[in-house]
Amino acid sequence: MQIFAAFEQSIQLELAITNIQKLGIDNIYAVPLDSGPEDIQLLDTINRSDGLSLSSVGMVLAVFCSVIGAARGFDHQWGPIVWGIIGAIFGLLVGFIGKMVFYKVKMKKIRWVKGKQPDIILIIECADHEGQRVEKMLWEHAAIGVGKAVDA
Amino acid sequence: MPSFKQARRPLANVSIWGTTYIHKRNPYIVALWSATFPGFGHLLINKYVRGYFLIIWEIFINQSSRLNLAMSYTFTGDIEIAKSVINVNVIYMYIPLYIYSIWDSYRACVELNNLYILAENEPSPVKALIVKPFEINYLDKRSPIIASLWSMSIPSTGQLYLNQFVSAFFTLVVTVVFVYQSHFIEGIHYLLLGDVHHSTAVLDRQWIFYLPSIYFYGIYESYVNAIENNKLFKAEQKMFLKEKFPVKGFKFKGAKVK
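Protein sequence lines correspond, in order, to chains A and B. Under the working numbering, think of the first position of the first sequence as 1, with each following residue one higher. Under the working numbering, think of the first position of the second sequence as 1, with each following residue one higher.
Bound conformation, chain B alone:
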């Protein structure tokens, strides 16, 4: 029998850029997130490069085809305006990749779930503490409620709390662009002053529709990742305790229960 020094399928990686951990997920939820915004499903299953690629692509094609604008006019019943704003030259490229991202995230999620089942009982050691010149990462318990509350303020703070560095950086850049271009804060400002008409007028009808998905995704992702982060912490600690303090040669000395 060959002996493997390391696990054949290590499930987790702790680095200064973040903690990545394969675990069981519901593929339907992953697919649904891909439907809200291509790429989000992939981010949920930690396929970040693919996810960022799809997100950047979606923003580019949505902007050049003015899809959000057309969608918003469709919902208000102004079909003729919707038809006139959309860029026919670009829009048909949207459809295949949109569906692909849903299908691909579903497929990848199912495959990762299978790999998780195979590797679940293999002990794969992860480092509990990483110290590098510019950053530190370690396994510890984090509160999912606190993580999602921070994400409600501005997406990326929840991820930062969980030390998901790359994820937080990307989310922050995208959020700032969306919030700035949509004039969302300006809209809230006038809304709070009671001037609803002005508030509506100032909002950008193309950019504003990115906001619900980026906000709720941030809340959901940081919430779920906090929980999974805690599970990884517990798994690693249990492994350590089993090895370091095994119940060997222990004899109970108390009185028998009568």
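Just chain A, same shape as in the assembly:
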């Protein structure tokens, strides 16, 4: 039988392969998936930041606004620390909202991606009686999905 499993890339994936090899199964194939060129996420995830990050401009603005806020704070009631933090949050928000508006207006055709993205399709060829053990192994190592094709 043939077992197909979709994985997100991680060390877990290699552990799964190693453990399956330990069962004496050697017919393993891997098909890496490329992510679509137009995929964009509003907030960066663990896997990507493509210069489109909402935070990048906001962070720089936070520094500038925080410095100005702290300086003005020396003359105001709440003092430089509070005004510095208010400035930083203000800068972050302006950068964040500014970019969000930019995306909404300029890039309407974007395909937004959400949730876990499979990176690898793993194919394991094994005897029918081994199927259950292999499948269990795959789920234990964080497979996103597992499917079976029984010999026709």
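Treat the hints loosely; a few may be bogus.
To be verified - Partial selection, computed: residues in chain A whose CB lies under 10 Å from chain B:
#1 S10
#2 V60
#3 V63
#4 F64
#5 S66
#6 A70
#7 F74
#8 I81
#9 V82
#10 G84
#11 L122
#12 E125
To be verified - Within a straight-line C-alpha distance of at most 25 Å, the following computed DSS-like cross-link-like pairs (lysine-lysine) qualify:
#13 B:K238 with A:K136
#14 B:K244 with A:K22
#15 B:K242 with A:K116
#16 A:K116 with B:K238
#17 B:K238 with B:K24
#18 B:K242 with A:K22
Think of the hints as simulated: they come from the structure by calculation, not from any bench. We treat Cβ as the ideally placed atom computed from N, Cα and C, and that holds for glycine.
Please arrange chain B on chain A, whose structure you already have, making use of the hints.
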């Protein structure tokens, strides 16, 4: 055709001192970071020696010219005080190098982006695990959120989490000097006790203005580097899987979709 054993333009290096990886960056963001603090833009594009040089220079000249102090008085409208605190003998040296650091980081970023495009499709093998007597480094996935949260506590911990050893050491030393000299923690202490007046009085008006940039830079750098670190991990693993488990001689045995 000559055959190259190694890639002509290897994009990544994994060592016990850190993981260095050339990737695409937005040159405007790099230039903006140079504008917040000369040297930060260079650190972002992994030109560490240049970056540290510029940072040390900026601290030296800012201290000797009392630029931060003058800037802070300017923002509160006390122009006469600002004029009187600034050291005219030194301040004009600040301007050319400030602008140079912005320009140079922008230029270098564009050049590195071009090199990245050229080398992108060349497989350049990196070691996935380095073991040395005193330190270990390896490619693995790290969470950018965790990295930036640590950097919020004290800059350098985020970099340490990513095994950026040299970067973390330098950041830690600079942060400790800034926090100590600015009496920042003392200021927070009195602020939390509700004594705003005392809190303001205790802060050093020259040193405190280094803090926003060093904090936000640390948060941003560790966040971005965590993501790029993950990309490098994925690229290396994909290359390994393609080579070790190629789809050769595979025949689908399932039933056809009707």
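Hint by hint, here is what the structure shows:
Interface hint at S10 of chain A: satisfied, since its Cβ lies 6 Å from the closest Cβ of chain B, which is below the 10 Å cut-off. Contact between V60 of chain A and chain B, as hinted, is supported at the beta carbon level, the nearest pair being about 4 Å apart and thus within 10 Å. The criterion of a C-beta within 10 Å of any C-beta in chain B is met by V63 of chain A, whose closest approach is roughly 4 Å, and the hint holds. The closest approach between the C-beta of F64 of chain A and any C-beta of chain B is roughly 7 Å, which is under the 10 Å cut-off, so the hint is satisfied.
Restraint check, S66 of chain A versus chain B: the minimum CB separation of about 4 Å is within 10 Å; hint holds. Below 10 Å, beta-carbon pairs count as interface contacts, and A70 of chain A has one with chain B at about 6 Å; its hint therefore holds. Interface restraint check: F74 of chain A against chain B, minimum CB-CB distance 6 Å, threshold 10 Å, status holds. With a least beta-carbon distance of about 5 Å to chain B, the hint placing I81 of chain A at the interface is held under the 10 Å criterion.
Hint status for V82 of chain A relative to chain B: holds, with the closest Cβ pair at about 7 Å, below 10 Å. This hint holds: G84 of chain A has a C-beta 6 Å from the nearest C-beta of chain B, less than the 10 Å allowed. Satisfaction of the interface hint for L122 of chain A is found here, the shortest Cβ-Cβ separation to chain B being roughly 8 Å, below the 10 Å cut-off. Proximity of E125 of chain A to chain B holds as hinted, the smallest CB-CB distance being about 8 Å (cut-off 10 Å).
Straight-line distance between C-alpha atoms of K238 of chain B and K136 of chain A comes to about 24 Å, which keeps the hinted pair within the 25 Å bound. With a C-alpha separation of about 16 Å, the suggested pair K244 of chain B and K22 of chain A falls inside the 25 Å cut-off, and the hint holds. With a C-alpha separation of about 22 Å, the suggested pair K242 of chain B and K116 of chain A falls inside the 25 Å cut-off, and the hint holds. A distance of roughly 17 Å separates the Cα atoms of K116 of chain A and K238 of chain B; the hinted pair therefore holds under the 25 Å criterion.
Restraint check for K238 of chain B and K24 of chain B: the C-alpha separation of about 19 Å stays at or below 25 Å, so the hint holds. With a CA separation close to 20 Å, the supplied pair K242 of chain B and K22 of chain A stays within the 25 Å bound.
In summary, this structure violates none of the numbered hints.
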